[in-house]
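The task is simple: from the sequences and hints, build the whole structure.
Chains as they are written, first to last, in my numbering: chain S, 1 to 130; chain E, 1 to 288.
Think of the hints as simulated: they come from the structure by calculation, not from any bench.
All clues given are correct.
A short list of chain E residues far from chain S (calculated; beta carbon distances all over 12 Å): (1) K10; (2) R18; (3) G72; (4) G89; (5) S96; (6) R131; (7) A135; (8) G139; (9) R179; (10) Q181; (11) E277.
Reference excerpt, derived from the structure (chain E facing chain S, CB under 7 Å, subset only): (12) Y45; (13) D208; (14) I216.
None of the values given here were measured: they were computed from a predicted structure.
Cβ coordinates follow ideal geometry from the N, Cα and C atoms, glycine included.
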Amino acid sequence: MAGTLQFDLVSPERRLASVVASEVQIPGADGDLTAMEGHAPTITTLRPGVLKVVSAEGAKSFVVTGGFAEISATSVSVLAERAVPIEELNATLMDQLIADASEATAVAVDKDAADKAMADLVAMRAAAGF
Amino acid sequence: MPSLKDLKNKIASVKNTRKITKAMQMVSAAKLRRAQDAAEAARPYAERMNAVMGGLASSVGTSASAPRLLAGTGSDQVHLLVVMTSERGLCGGFNSTIVRLARAKANELVAAGKTVKILTVGKKGREQLRRDYAANMVGHVDMADVKRVGYVNALTIARDVLARFEAGECDVVTIFYNRFQSVIAQIPTAQQVIPAKFEAAAPNALYDYEPSEEAILADLLPRGVATQIFTALLENGASEQGARMSAMDNATRNAGDMITKYTTIYNRSRQAAITKELIEIISGAEAL
Numbered sequence: 001m002a003g004t005l006q007f008d009l010v011s012p013e014r015r016l017a018s019v020v021a022s023e024v025q026i027p028g029a030d031g032d033l034t035a036m037e038g039h040a041p042t043i044t045t046l047r048p049g050v051l052k053v054v055s056a057e058g059a060k061s062f063v064v065t066g067g068f069a070e071i072s073a074t075s076v077s078v079l080a081e082r083a084v085p086i087e088e089l090n091a092t093l094m095d096q097l098i099a100d101a102s103e104a105t106a107v108a109v110d111k112d113a114a115d116k117a118m119a120d121l122v123a124m125r126a127a128a129g130f
Numbered sequence: 001m002p003s004l005k006d007l008k009n010k011i012a013s014v015k016n017t018r019k020i021t022k023a024m025q026m027v028s029a030a031k032l033r034r035a036q037d038a039a040e041a042a043r044p045y046a047e048r049m050n051a052v053m054g055g056l057a058s059s060v061g062t063s064a065s066a067p068r069l070l071a072g073t074g075s076d077q078v079h080l081l082v083v084m085t086s087e088r089g090l091c092g093g094f095n096s097t098i099v100r101l102a103r104a105k106a107n108e109l110v111a112a113g114k115t116v117k118i119l120t121v122g123k124k125g126r127e128q129l130r131r132d133y134a135a136n137m138v139g140h141v142d143m144a145d146v147k148r149v150g151y152v153n154a155l156t157i158a159r160d161v162l163a164r165f166e167a168g169e170c171d172v173v174t175i176f177y178n179r180f181q182s183v184i185a186q187i188p189t190a191q192q193v194i195p196a197k198f199e200a201a202a203p204n205a206l207y208d209y210e211p212s213e214e215a216i217l218a219d220l221l222p223r224g225v226a227t228q229i230f231t232a233l234l235e236n237g238a239s240e241q242g243a244r245m246s247a248m249d250n251a252t253r254n255a256g257d258m259i260t261k262y263t264t265i266y267n268r269s270r271q272a273a274i275t276k277e278l279i280e281i282i283s284g285a286e287a288l
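Here is the structure:
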């Protein structure tokens, strides 16, 4: 088995996960990427999407919206504005996320980015099959 | 001299007051623990956020391309003061200390010829500031229905503030809150959030940035404002409970002192009455 890295997922309200993972799939703003041990130090913003962590205990997925990930050779910390374990995701929550995003779009300065985030959310909703 | 009955009533009423303050103190103690836990849980996010933004800010610097949230509007004419206080009273000097600090700052700014706008969060601060600065109030955020402060609340305030900034309604935004130090010490704090200020951090030049540094910073700065407001709200929440706890502790102790004092007076006057009666009986018997 390849080397491992320390993975932390924190939202403003609490720490959601802190595990030793072998790989982390991150929905980056410029495209998805997978971080493994020895990854070049990177900071990337997130787009709304699914974050997947593979550790000794198996794979875990989280739905994240907004925030950024800080990747170094030995650790990944993801600071997400909202993060929900995928098991807890349902249609109501999804609708709420979309409602929040449309609110944000209304006041956003960067319309393009906000519209893109919105589109990502709608795509995710469709993919989740709600 | 109050009658025995009056004294008895007085003692009973103070005893009731003591029961209430004691209960409030215990409720605050429980709430304080929860508030402290919440503040503790929020710390990792705020710390990482500040570290990363500090690094980015120092590498982007104050170049012309720097986002306005970092570089400012180039003027400092209009100040927006966000004053965070509690929704309820009976918490000692908690609200007064914040308001005093905000008022001092506002006076200073007005004296310097600046325009001051005030946004209040929490009812108590609005009531106190309205006396002097009714004309400067631009808005109020009601927190009465909020049982547990969540990031959503901070986000709402942050959006309001950012919208005002973007619309050019203000140049500098400062938040006022009480930093929680201990149950007996809360430090009123003024913190400038726009333009953002960071402790000088070494640029983390080692990192690759996706997308560019500027784009990430532009994305993070509004979040940074929300995070700072959220941290302030949490600190304020813990401070409020701490302040109420010590205020109610004092009240309970005062009530105890009062009960002792009145009980002594009550016993003395009872004894005096008995002695008086005895003297009357004895002198009556002697007269026979």
